Amino acid sequence: MRAEISLCSIVHHREERSDVAISRHDKGTRLLRYARNDALNVGGRLRLSH
Amino acid sequence: MKPLRLSIFTTLLMVLLSCATNPITGRKQLALIPSSTLNSMAFSQYSSFLQEHKISNDPVQTAMVRRVGTNIKNAVERYYRQQGLSSKLEGYSWEFNLVEDDLVNAWAMPGGKVVVYTGLLPVAVDEAGLAVVMGHEVAHAIAGHGNERMTQGLLTQLGGVALSEALKNKPDATRNLFLGAYGLGATVGVMLPFSRTHESEADHMGLIFMAMGGYDPNVAVDFWERMSANNKGGAPPEFLSTHPSDRTRIRQIKELIPKAMKYYSPKKRKKR
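Residue numbers (our numbering), protein chains in the order written: chain C, 8 to 57; chain D, 32 to 303.
Since the hints were made in silico from the structure, they are not lab data. Accuracy of the hints is not assured; some may be wrong.
[What the hints assert, rightly or not] Covered stretches of chain D (chain C as the covering partner; in silico rule of three or more C-beta atoms under 8 Å from a C-beta of chain C): (1) 64 to 73; (2) 133 to 143.
[What the hints assert, rightly or not] Not everything, but these chain D residues come out facing chain C in the computed CB check (under 7 Å): (3) 167; (4) 272; (5) 275.
The structure presented is a predicted model; accordingly, all values stated were derived computationally and were not measured. Just so it is clear, CB atoms sit at the ideal spot from N, CA and C, and this is done for glycine as well.
Turn these sequences into a full structure, and let the hints guide you.
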């Protein structure tokens, strides 16, 4: 399962989401961890990577 | 209590505890992700974004973006304090940045992180026009739309997993047909209408917030007419769009202006 953080923009763009995964940490702590960072793509042009 | 009943009871309890009501619009919301978790993720992502993109070095424009954002943010915090709702704004760390890009857009992340692109400024024209945008973005952050969208995404995926499990003994072609229809139905029938509801709500709240910040909400109609002229032919049909059409937005804003004017006082804002 993947949880996606959205950019709330003022006008429509083709892709406004950055994918992240919700995972269980080794110690049982619930963490939100980046799993795929190639999708923060504002207007298909701006990219965010980790 | 049997395990199945216990899990249903726990799920229902979690959903009930995660329900909230927007204090401005009265809309019921479901947000399952803890704010602290969402905010820390957004702060990290925002910081990375700023490192990888060119922040404007125009001191006048940058100051204007920060001044308008701060004026609106302060006014909203004051209003929430007066209403005894300050706890709803805990964990926010507001930041307003101007980024060099020709895109005519601006966005907010959970926790109060806002970016405006330089391409938007000619359409905004002046500080009041920019306040329409900043009010909208501050509204997204305060309304917790990021959390709601993430929650909807997770629930949609959960539905997909359940459907896939239910169809596991069917032929591949049947499974693909049903899963494809589910994906399309969820996007066009649920996710996009929800997104448009969020945008209309951000317009609604933003109009009130800009008025609280000392900016005339009537300016919003002119702003959206300029945006519409700027975007001629570039927008998808409304039912396939994350946002309402410009025409819908202008109509809704005109209807809301009398309500927003009750909060308007031009003396409230800092001008420098």
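Hint check: is the beta carbon of residue 167 of chain D less than 7 Å from a beta carbon of chain C? holds (5 Å)
Does the segment 64 to 73 of chain D contain three or more residues whose Cβ lies closer than 8 Å to a Cβ of chain C? holds (count 6)
Given residue 272 of chain D was flagged as interface, is its beta-carbon under 7 Å from a beta-carbon of chain C? Holds. Min distance 5 Å.
If you look at each residue in the segment 133 to 143 of chain D, do at least three have a Cβ nearer than 8 Å to any Cβ of chain C? holds (count 8)
So, as I understand it, the hint says residue 275 of chain D touches chain C; can you test that by seeing if any CB pair is closer than 7 Å? violated (9 Å)
In terms of the numbered hints stated before, the structure departs from hint 5 and from no other.
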